[in-house]
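Position chains B and C relative to chain A; hints supplied.
Listed here are the chains, written in short residue letters.
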Amino acid sequence: MSTTAATIPGTDAAWTLPPRGRVGMYGLIAAEAAIFTIFVVAYLFYVGKSLTGPLPKDVLHAPVFLTICLLSSSVTIHLSVTALRSARASAFVLWWASTIALGAVFLAGTAREWHHLIYDEGLLIRTNLFGTTYYSLIGLHAFHVTVGLLGLSAVLVLTLLGHVRREHAERTDVLSLYWHFVDAVWVVVFTVVYVIGR
Amino acid sequence: MSPTTIFAPVSTPADSIFELSRFVLAVTAGIFVVVFALLVYAVVRFRRKPDDDGSEPPQVYGSYEVELAWTIIPVLIVVALFLATARVIASIQHPPKPRDALDVVVIGHQYWWEYRYPAFGVVTANELHVPVSDPARPTPTFLTLLSADTDHSFWVPRLAGKTDLIPNHPNSMWIDPRETGLYLGQCAQYCGTQHAKMLLRVYVDSPEDFERWIEAQRRPAPANDAVTRGREIFETTACVNCHTVRGTPAEGTFGPDLTHLMSRETIAAGAAPNTPENLRIWIRDPDALKPGSLMPAMNLSDEDANAVTQYMESLR
Amino acid sequence: MTTASIPWTERDAAPRPLVERLHEWVTTVDHKRLGVMYIGYALVFLVIGGIEAMIMRIQLIAPHNDFVSPQVFNRMFTMHGTTMIFFVAMPLVFGFANYLVPLMIGARDMAFPRLNALSFWLSAFGGLLLYFSFLGGSGLYGAGSAPDVGWFAYAPLTAKTFSPGHSTDYWTLSLLVSGFGSIGTAINILTTIVCMRCPGMTLGRMPLFAWLSLTMAGLVILAVSPLSAAQIMLLVDRYLGGHFFDTQAGGSAVVWMHFFWVFGHPEVYVLVIPAFAAVSEIIPVFSRKPIFGYPVMVAATVCIGFISMSVWAHHMFTVGMSPAANGFFVLSTMAIAVPTGIKIFNWLATMWGGKVQFRTPMLFCTAFLFQFLVAGLTGIMLGSAPFDWQLGNSYFVVAHFHYVIVGAILFALFGGFYYWFPKFSGRMYSEPLGKLHFWLFVIGFHLTFDCMHVPGLLGMPRRIYTYEPGRGWDTWNLLVTIGVVFQGVATLVFVGNLVWSYFKGEDAGSDPWDAWTLEWSTESPPPVYNFAVLPVVQSRRPLWDLKHPEDPDWKYE
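Protein chains in written order, with numbering that gives the first Met the number 0: chain A, 0 to 197; chain B, 0 to 315; chain C, 0 to 556.
Please keep in mind that the hints were generated in silico from the structure rather than gathered at the bench. Heads up, a few of these hints could be off.
Stated by the list, open to error - Using C-beta positions, here's what the derived DEER-type ranges look like:
| hint | chain 1 | residue 1 | chain 2 | residue 2 | range |
| --- | --- | --- | --- | --- | --- |
| 1 | A | A153 | C | Y238 | 29 to 35 angstroms |
| 2 | A | A61 | C | G203 | 46 to 52 angstroms |
| 3 | A | A61 | B | N167 | 28 to 34 angstroms |
Unchecked claim - Straight-line alpha carbon distances no greater than 25 angstroms define the calculated BS3-like cross-link-like pairs of lysine-lysine that follow:
| hint | chain 1 | residue 1 | chain 2 | residue 2 |
| --- | --- | --- | --- | --- |
| 4 | B | K48 | C | K434 |
| 5 | C | K503 | C | K434 |
| 6 | B | K48 | C | K354 |
| 7 | C | K546 | C | K354 |
| 8 | C | K434 | C | K354 |
| 9 | B | K48 | C | K546 |
| 10 | C | K354 | C | K554 |
| 11 | C | K159 | A | K48 |
Note that this is a predicted model, so its numbers are computed, not measured. By construction, the Cβ of each residue, glycine as well, lies at the ideal position given by its N, Cα and C atoms.
Isolated chain A, as found in the complex (with noise of 0.2 angstroms):
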């Protein structure tokens, strides 16, 4: 078979399949869902289970600027693909730097509400069921924001560097994808802890 290629017939029609990285990332994805969906299911089961205070509805309040920002950042990074798809070089940085810069007030927004919650409120992850549930996930999901703006900033640091040009385009574009998801697991987070949770 190998040194007889001759015998079958070519095909003549392009033979394509899609590309590895993002089937890769689409891979990834899914395993992370079904982590964060037991994560979830976990929160939704214990919702009013606990047997001590405090409770949702006295010390949450719905981060709403920092959902703003993290859903913003969809839109920055999808920008910034898309200018570098077009060769736009400093159009492609800033759009990944505003990336970088929401993630990261996520981050510190979600830093100040655990602040308040462990410093004025009382409530740890041993203080209740709800202090379980809402660290474990809350805290999932900012864990995967790090990691993502780990890989972001390592991005940002090789383009400042010359080494990101027009044909890495879809390898950040299968980065962005987990950045996507991130922010599709906020959504339903958002939802589960603010919304019907409380």
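Just chains B and C, lined up with the frame of chain A:
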């Protein structure tokens, strides 16, 4: 006959399961016979002959008709099995509860069983007594299943299927044994080191015997001057932290209620017969009979151990 | 069907220093080497897990035996189960898939070779971490070392209160780490199959092995992740004071069960689907016919994958779910029997009208058919919830799942070993030793696992270090233990055969079985680049087309 076989039911839940099992076994046996026969035939008939000419046999790729047939038939079998099963689930899990049903609360512990009869104010351990149930006028026993620590499971095969005891998750089951006698089982959910010796003994008594047993259990511990020394040791050592002897200062609930210890045929949840020798061994060093049980060795001297044993022997 | 290309195998090159050769293996990203490492790793743990089983069976040979203490016994069944599932069966399955999938689809390697290596080393580290617990941990009441909470580690037994010390943490962390390795491998397999097939190999022309590997990979991605999530929650409970499974604080032990079995049930399909894969390649070649009903086999596999995600609570029939919930899981469990049965019939139909050669691979696959049939039928019995209320958590269940894991999966993988050993090593194994292995193992397997059903029917629960006499369990337990000896000897024969044949077996050539899929078109063992020229295919059996140009498959597909 094995005392714990699932094929000799004496109580309705076990009966229903037994009947269902016969149907399921018949169906699966039928499937087995047919497919097994076909496999054997294929292995014998289509083996390559020694005088084979080396040519390839006809290359058959499939047959939609055949494949449809062996899809539809299994679907029908599945539907039949499901319907038969669903009916039995409903009948066992939603039984009618007559007014004379007896209620018992079963609390699973590492590694013993606590039994409470709320209607009579009786608390005992490890040997469950229930009245026999006449099928004409049933007097079933309904068990509420709780746990004080890890997961356990109540399994006495001749009486019913098993149901788990899970902390913070009360369960219930019922039995209506129609023959008196002693029925055996054991914990069926791994609960720790001595899971294996958390045995079940269910005494199905005639109505009169059951009455008598309840009356005896309701009484507080008999007073007995001959065992004062033993009782003193019992009440001043840590024993009272875990055990109750009703009518005395001993009110611990971590371990079994000992008020009528001598009414039981075994100790340590069936791990050993209830004899003076075994009692003494148990009191001196529980690990000798049931290594890993949660009762600590109290390091009593021989004299003290003998005294306490005598006190235990007085708890009739 | 040997090629005229320049042979370049390990044996042709001048011998290099041992350190250099070891370094090559440790740093390799070649899917074939990683495949061999997975398989070698699994075989080592197979022997260790077997010793753990032997210890348990000696303890249970008679009632009230005291060969080992209850603490040791409880560690044995925990380690045996955890080892066999995560460090024997999973690596075997990943090893075969790693080695064969790129070859079968005409690719040069997996999609992400470095991720492949990382995944292997993560899984390997997980196994070592688990076994380090014998030295490092301590368990129930500080009286143990290795984990002793059972391989499914039910809450609240795993809480700090009931499992102080670190033995449970070894269980949790080792599986968490190797779980990430498994997910990595699964993403790799999935991407490789979707993105790297050679020209002409549409999804409908892939070998069934590839389809089954694809389904298995999808299941790993969806099912191992929930286990990772649950284990993170367990760590939160044990170390951060969390209450996910803390029943004193309103937490639920049943939630752990749901999360675990959402992983646990698809996991067994992760293990059995590759067994189906091996059988689906071997039976056609040794029957000299194509697989019967390829499209339906693919459809049935995908159905099994989907349905398997909806049956998990049949492991929880005794926890007190509502009749509606119980009923649902009865229905889904019974339903999965339909596509599974279809596969058995299709394999049977493949043999039907063929000219079957009962060489060692085919012997194992034939035994697989009989044994998988029985395993499936006892599974149906257990799927009927009220019947499970008696049989659940008893030795009947232990017999059932060993029938699947040993009788079906291990037998099929043994068949795969013998079938592909010539390709991996370039040598033929010894056929008489292979047959000896087979018959010894069949005798031992049936003695052990046929007899094991009976104590379950007579009321013997699982996970007990000893039992009472007078319950009718004694003789059956004795027979079960005797069977293990046969299996142990058979396994030694097997390992001996592999080792001896690797050094002394005769040259196999590239296609000793006159087979039809792409791995047989290249040398044995394949060169590091797999194919000199990437193949172009027109049917499901490209080599059949080459060998029978007057009657190629693509005329009929």
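A quick look at each hint next to the structure:
{"no.": "1", "hint": "A153/A - Y238/C: 29 to 35 angstroms", "result": "holds, 31 angstroms"}
{"no.": "2", "hint": "A61/A - G203/C: 46 to 52 angstroms", "result": "holds, 50 angstroms"}
{"no.": "3", "hint": "A61/A - N167/B: 28 to 34 angstroms", "result": "holds, 31 angstroms"}
{"no.": "4", "hint": "K48/B - K434/C", "result": "holds, 19 angstroms"}
{"no.": "5", "hint": "K503/C - K434/C", "result": "holds, 18 angstroms"}
{"no.": "6", "hint": "K48/B - K354/C", "result": "holds, 8 angstroms"}
{"no.": "7", "hint": "K546/C - K354/C", "result": "holds, 18 angstroms"}
{"no.": "8", "hint": "K434/C - K354/C", "result": "holds, 19 angstroms"}
{"no.": "9", "hint": "K48/B - K546/C", "result": "holds, 23 angstroms"}
{"no.": "10", "hint": "K354/C - K554/C", "result": "holds, 23 angstroms"}
{"no.": "11", "hint": "K159/C - K48/A", "result": "holds, 22 angstroms"}
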